[in-house]
Structure formats: structure tokens, C-alpha cells
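Engineer: Could you put together the complete structure from these sequences and hints?
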Amino acid sequence: MNGFSFWTIWLRNGRVWKKHILATLIGNLGQPLLFLLAMGYGLGRDMAQVDGLTYLQFIAPGLVASAVMYSAALETTYGSYTRLTVQKTYEAILMTPLGVVDLVLGEIVWGASKGVLSGVIMLLALPLFGVIPSLWVVALLPVLFLSGMFFSACGLIMTALAKNYDFFNYFTSLVITPLFLFSGIFFPVQTMAPPVRGFLEMLPLTPIVSLARILCYGRFGEPILLKILGSLLATGCAVWLAGYLLRRRLIQ
Amino acid sequence: MIPANSQQKKISGSHGSQAVVSVVGLTKRFGERLAVDNISFAIQRGRCVGFLGPNGAGKTTCINMLLGLVEKSAGEIRIFDLEAPRFHREIKARIGVVPQADSLDPDLSVQENLRTYAGYFRIPRRIARTRVEELLHFFALHNRRDEIIEHLSGGQRRRLLLARALLNEPELLILDEPTIGLDPQARHLIWERLAILQAQGTTMLLTSHYLDEVSRLSQQVLILDHGQVVVQGEPRQLITDMVGLEVFEVDGTAAELDALAASFRQCNATQERVGDKLYVYAREDCSHLVKVLGEAGSWVRRPANLEDLFIQLTGRSLRES
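Going line by line, the protein sequences match chains Y and U. This note's numbering puts the first sequence at residues 1 to 252. This note's numbering puts the second sequence at residues 253 to 573.
Hints are computed from structural coordinates only; laboratory data are not their basis.
Okay, the calculated beta carbon distance ranges per label pair:
no., chain 1, residue 1, chain 2, residue 2, range
1, Y, SER173, U, GLN452, 55 to 63 Å
2, Y, VAL138, U, ARG397, 39 to 47 Å
3, Y, ILE26, U, ILE400, 20 to 28 Å
4, Y, LEU174, U, ILE400, 33 to 41 Å
Some chain U residues close to chain Y (C-beta under 7 Å, calculated; not the full set):
no., residue
5, VAL322
6, VAL349
7, ALA353
8, THR368
9, PHE373
All values derive from a computational prediction rather than experimental measurement. For every residue, glycine included, the Cβ atom is placed at its ideal position computed from N, Cα and C.
Structural biologist: Shown next as C-alpha cells:
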């Protein structure tokens, strides 16, 4: 019965989000859409096919995955940190029957939901660029949610450790931006030299980008089970660590 | 809503031995520092207990331990006869808290703040709606229901925090500096509402640096200093026992005050000199000495109060931790 208490926190965030809906959507979707336009349409026109896809088709699914990552990670860093410090929302919530576990789940599921929403809007925008996803794309949604959970949890870990907003610069510059550039969104990881390839495939966004490409076009060449299991495991660990660290920060 | 006198009598006649909060040997260490040192107290149903103490005395740590926001190092806490922190979910469902710092949702309206908070208590929507209406009226906020929090005055925010704390119809209300920074009108409105709640039988734990507020609301006080309970009891009784009946505050030159001090030795009173001021705490009727004072510069004669007791027990030096 209490297992779903975190839902009330999700609803609270949703209620606040509705008031700033336009600003957050533009903030979260501006970058991937502009990249799709500049790299895919601008640069990609004169490029050879990659992996049997036009360059625009090649990068589109990965940019969907990156939109999820950005939305989720930004929500649980800047957004959650504001709730933790300036607005004292967490303090107010902990004075009710809700506990730290509810708080952590509510925040992470909320961040993941925002991530999936950004991903879905990106997917809906793809036909405007001439990219038509297959029906398999429906199966991509739970994958995007899983990835949203992972990056929300990472963001919340940063929030639990942060002393001020500047701290998040480390996270975006050293984690999020490199993942955006090196997770196989813009170039195929499979053709890299084996040690480089091995390293890049260990990055948390890489399997999601591969799965996005596979499910977006329904082209099942690579094994997918390992990617899903690996992502599940990484997400489980990240959620646990976020809970542990936030509890340490909130309960003295 | 009007305070019901009959109800008040019934409550005051029935505060038997039922403890809402009972704390034994509560201790909290932050590293080397002992913030709360072996504290024991109980709060009986329907009573208001004032928690007093200089800054850093351990009041907030103590309250946070009751709420599970700080883990206790040792001791036992029982609230509603349930063990804390084991049953915190159940306990917190029956507590209302007015925090010292404003933790309202700034993006939401008055009404949305209350409804969202009601959601945390899993209060069904329909019931929440009527309760929100009642509370908005009770705290004179019904005309501001759709206002964004930013546009509210300090007094309105405090009232909203109080309304929020009452959504779950708490049996125990914890008030941490409920009128800090408010103008006299706003404070009086809050006191009036708290008196009504008391008459209805709500148990309260109040911390405040405004000792007039504590005297007005509390039937029992507990003075903390350096993490320990210095004294606890009924405030009037404590003042009479430890300070006296009335206080004379006299300004004057050292010579004048010396002369006065000598005269006052004829009466059962303790004296204190602070700068060029003499305080005389009279334990009996010293009216016959008033004529001596007539010759002195300026003086006041007033009943002994909680502030005198507080200063006597915790000293005059500043606490800036």
C-alpha cells in the first residue's frame, strides 16, 4: 500500500512543471533538434551512408536517446537541488508520512518521465526530417524509460553530493557531454579499434543508442539481451546509490 | 470558529497521565560534540509545552529527532505510544509541523500548496477539498486561495504553513518559532487561532525566542541549555519559586544603586547589577520600599516573568554558535 506513495511526489512535480511547460520543453528539446538539423540535414547531405543508413537516419535515434539523458539528468540536478536547498521541499515532504525512499523514487521516476516525454516528442518530430520509424519503436519506450531512470539517478547522486550549483558543471562537462559525443550517436562504435570499442561499449549511453537504432528501424543485427541486462543492472546500482547518498545528506 | 469554553473546561479537567510524547535519556552526538545530552520529558495530551533555550541549546536537534530527521545516538522516544523511529510513518501521519523556515512551494498557489500536501498524507481528494476550504477560512486566507506564494505577506505565509500543518488533523502540533519576524497584528491572529486549537484539545510542542508567546500559550516549559534540561515545570510556579514575585529595575549612578541595594536587603529579594542598572527580584511584598525608590532616577516595578527565569538560568552572555 505504501509502495506507491512516491507517486504523490511525482504529482507534485507534475503540478509545478505544468506552470513552466514551454520553457522546460524548449530547454530540453532545443539542443537535440538543432543537432539533428545541423549535423543530419546540414552535414549529412554530402556524406556517404553509414551502416546502410543516411547520416540523418543514423544519428536520429541516438539523438532521441540523448534528449532523454539531458532531460532526466538536468531535472534531478538543477531541479532537485533547488527543491533540496532553496525551496526546502524535501524537508517539507519528510515531515509527512513519506520517507527518503519515497522521495528518491518520486524524484527519479519523475526525471525519467520527463526524459521519456522529451524522447517521445523527438520521435514525433522525426518524420518532419524525413525519418520514418518502424512500429518496433513502441518497444523503444520502456528502454528510454530505463535510461531515464539511470540518468535521473546519476543526477540525484550529484545533487546529494553538491555544495552549490557550480558543482553540476563537473557533471555536465565531464560526464554528460562526453557521453553525448562518444556513445555512438555520431559515429559507429563497432568500427573502432577493439580496445577503444570495448571502452565505448561500456559507457552507459552506448547500449541505449544501439537499442534506439535497432528498434527505431526494426533492424535486429546485434544481440540486444546483454545491452538490456547491463542497463538494468547499472540503473539498479545508480538508484540504490542515489538513495544511500540522499539519505545521508537528509538524515543526520 | 469560536472557542468553546465548555470544551476548554472538559479538556483541562481531563489531562490525566496520558503522555502523547515520552522521551527517556535522549542523546545526540555530532562527532565529538554532544548536541543533546540525556534528555527526558513527557508531553501530556491536550497540553502545550514550551521548549526554550539559547541558540545552540539543542532544541531543534531534539525536535528533529522526534521527527526522524536526525538519528538519535541513544535513548528512547515514544510518540502516541509508538516507538520512534521504527513507526515513523504511522507517527508522522498524526503529527503536524510548522517549520521555522518557509518550505511552501513557491510555484504553486495557496490552494495547490494545501492540496499537494494533503496528497502526501493520502487524504482522499474529496475530503481534502473540504478540509482545505475550512482551513483557508480559519486562517483568513480564503480571499488569497489562487494567489502565488511569492505574492503573500510574511504573516500570510506563516498562516498558510499553519494551515498546511493542520491538514491531517494532527493530534500533536509541533511549532518551531511560529511567529518569527511577524508584526504584532499577525502574531495576535496566530495566537488566537492556536488558542482555539488548544481548546479543541490539540497537544502542542512550541519553540520560541519570544517568551511572552511561550507564557501565553504553554502550560509547561522546558528550558534547555548545552543540550541538557535545566528546568521543567509549570511556568508560573517556576517563576515564583526561582525568580520571585516581582521585579524592580532601577537606573542610576553607582552610588545611588549602592544605597538602594542596601535598603533592599531589608526585604527578601535577590539582586543583580548589570552595568548601571540594578535588578531586584522580590520574593515577598516589598511595597514598603517603594518610597526609597521615589528618590532614585528612573525605575519600573513589574511582575516577574519567564524572561527573568530564562536569563537567570542561562545567563546573560551572548550565544553565537
